[in-house]
Amino acid sequence: MERSRLVFSGSGGQGVITAAIILAKAAAIFENKHAIQSQSYGAAARGGSTRSDVIIDDAQIYFPKVTQPNILISLTQESYNTFAPIIRPGGLLLVDSKYVTIEKKVDARHIALPMFDTVMKNIGNAIVFNICMLGTLIGISELINPESIIKVLGRTIPEEFMEMNKKALALGLEMGKSAG
Amino acid sequence: MKDKEHIRFLQGNEACVEGALYAGIDFFAGYPITPSTEIMEHLASRLPQKGGKFIQMEDEIASMGAIIGASLTGKKVMTATSGPGFSLKQEALGYACMAEIPCVIANVQRGGPSTGNPTHVSQGDVNQAKWGTHGDHAIIALTASNHQDVFNITVEAFNMAETYRTPVIILLDEVIGHMREKLVIPEPGEITVVERLRTSVQKGVDYHPYLPREDGRLPMSDFGGEHRYNVTGLFHDMWGFPNNNPKVVSELLRHLMEKIETNVNNINMYKEYWLEDAEYILVSYGSSARSAIHLARNRRARGFKIGVLELQTLWPFPADMVREKCAGAKAIVVVEMNMGQVVTQVKNAVDHPNKVFLANRVDGELISPSNIKTLLRMIQGKGV
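Chains P and L, in that order, give the protein sequences.
FYI, the working numbering numbers position 19 of the first sequence as 19, with every residue one higher than the one before it.
In the working numbering, each number is its position in the second sequence, counted from 1, plus 1000.
Treat the hints as calculated values from the structure; they're not laboratory data.
Remember, predicted model here, so these are calculated numbers, not experimental data.
Be a bit skeptical, because a hint or two may be false.
Claimed, not checked - As a list, the in silico DSBU-like pairs of lysine-lysine whose alpha-carbon atoms are at most 35 Å apart:
id, chain 1, residue 1, chain 2, residue 2
1, P, Lys105, P, Lys177
2, L, Lys1004, P, Lys151
3, P, Lys151, P, Lys166
4, L, Lys1004, P, Lys177
Claimed, not checked - Quick look at which bits of chain L chain P covers, simulated, 3 or more residues with Cβ under 8 Å:
id, segment
5, 1091-1103
6, 1176-1184
7, 1288-1297
Here a beta-carbon is modelled for each residue, glycine too, at the ideal position from N, C-alpha and C.
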């Protein structure tokens, strides 16, 4: 596979960093790929834009940071404004249409989807917004097998939350596939 | 899913915890500080589960004192900190060198001096690991650039602490401590674990805590157990009692140095990448080695004869090995995130110090492959 360099961005509490960890973990443990996750850490991460970097590759990954993502996910206007300029030309830009209005013209495939609204309408709990976003991302990019995400969730979250997470993932996958 | 349970995806700090548990840690005392806190946090839950003891102390000085005491009673011990806390530990660290008490100190480096740049990466404590405490002494300091190696050097740190009866420093950095990647936990027995060497002297028979065996090792007796003996930071005789007889002083100081300096080859851990025909050699360690290897791999693909020597043992500095590996190089570039600490050692080690250059970054960001590439181009006379 071609090296995937992802930047997840949003604001604290949206679960962006958790989503990044789940994706990287799924790739590393259940798909035998090399994966690295790191995050911006410090005073700037509080209240401002949160950012987490993920690299996935078949080959060993040494330099762990992403300088030019080929996939950028932005869940707030501020993070979109901050990070859109760094996207690799021809990359994929996924945003939530409730929170982000696409303004800048960057050389990328822009996809704006109502991920948050879909979760609220069908599940009614914002806690799985990030899982729906992961589903959407996988639906569009076929980055990894969605089953691997479910396996990671099975290892990390209580049983009673599994159904809700699976539903959020499926909603995202469906949205992503039709958009992709 | 059970078959994948030994495969983990975690932070470098957690890999250090897994290594400590594998090595048989019994006791941890510490005081939280960024970017080392996750070591403490995870041991707080994991250590009691295996019957060990975890104590959050009032500060870093007390933490160092606590692990020294616990070690004397026969426990495998560790503390974890970052720059400011490492400074506070230095006095007691010297005591552990002098009294020959096995212990492991993890320092996850951040920017300094003082409280410096808490959430950002640095490798500025390399010299402090060696010279932070006063007086002539030898020390062991290990580092690593990926989580599998963090696990391995942590096990080795415990092993070397027991083998040489010395404090061992694990020098991680913020990037390695916080980033997440895969760790495959080895089966028990896959990596050798060195246990405490206890005296065979029976209860009621005189035990000399500082009387070396023929192989130079000093068997220990759990303090408060079967034998009564003295432990002091003063120069001492074989009973452990203070003694300033010139012969005793000189012999003890030489012993403290030689037990480590004469074992440089046994303590030395390193990795090499594409060195066999390398004209340009990058010498690096910790997270900056990742950037060096990244660059070398890309340059190799374009036919450029470049290799990487990744140091895992920083102290005692493996000067002979560095000289041999670098003998044929046109240029040697030391990649590190400080104002030039390991580069000084490399210059002292090699035959032609004028061929040694420093590629560094000290702004709190991880040095990138392109940072190193820029310097390489200048060395080659190609401009930026």
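Now for the hints, and whether the structure bears them out:
Taken as a hint, the Lys105 (chain P) and Lys177 (chain P) pair is honoured in the structure, with Cα atoms around 24 Å apart against an allowance of 35 Å. Distance check on the hinted pair: Lys1004 (chain L) and Lys151 (chain P) sit about 11 Å apart at the alpha-carbon level, within 35 Å; holds. Restraint check for Lys151 (chain P) and Lys166 (chain P): satisfied, since their Cα atoms lie roughly 11 Å apart, inside the 35 Å limit. For the given pair, Lys1004 (chain L) sits about 30 Å from Lys177 (chain P) by alpha-carbon distance, which is consistent with the 35 Å threshold.
Coverage of a stretch by a chain is defined here by at least three residues with a beta carbon nearer than 8 Å to that chain's beta carbons; for the segment 1091-1103 of chain L and chain P the count is 0, and the condition is violated. Check result for the segment 1176-1184 of chain L against chain P: holds, 5 residues qualifying (beta carbon to beta carbon below 8 Å, three or more required). With 5 residues having a beta carbon nearer than 8 Å to a beta carbon of chain P, the segment 1288-1297 of chain L meets the requirement of three or more and the stated coverage holds.
Going through the hint list in order, the structure does not satisfy hint 5, though it satisfies all others.
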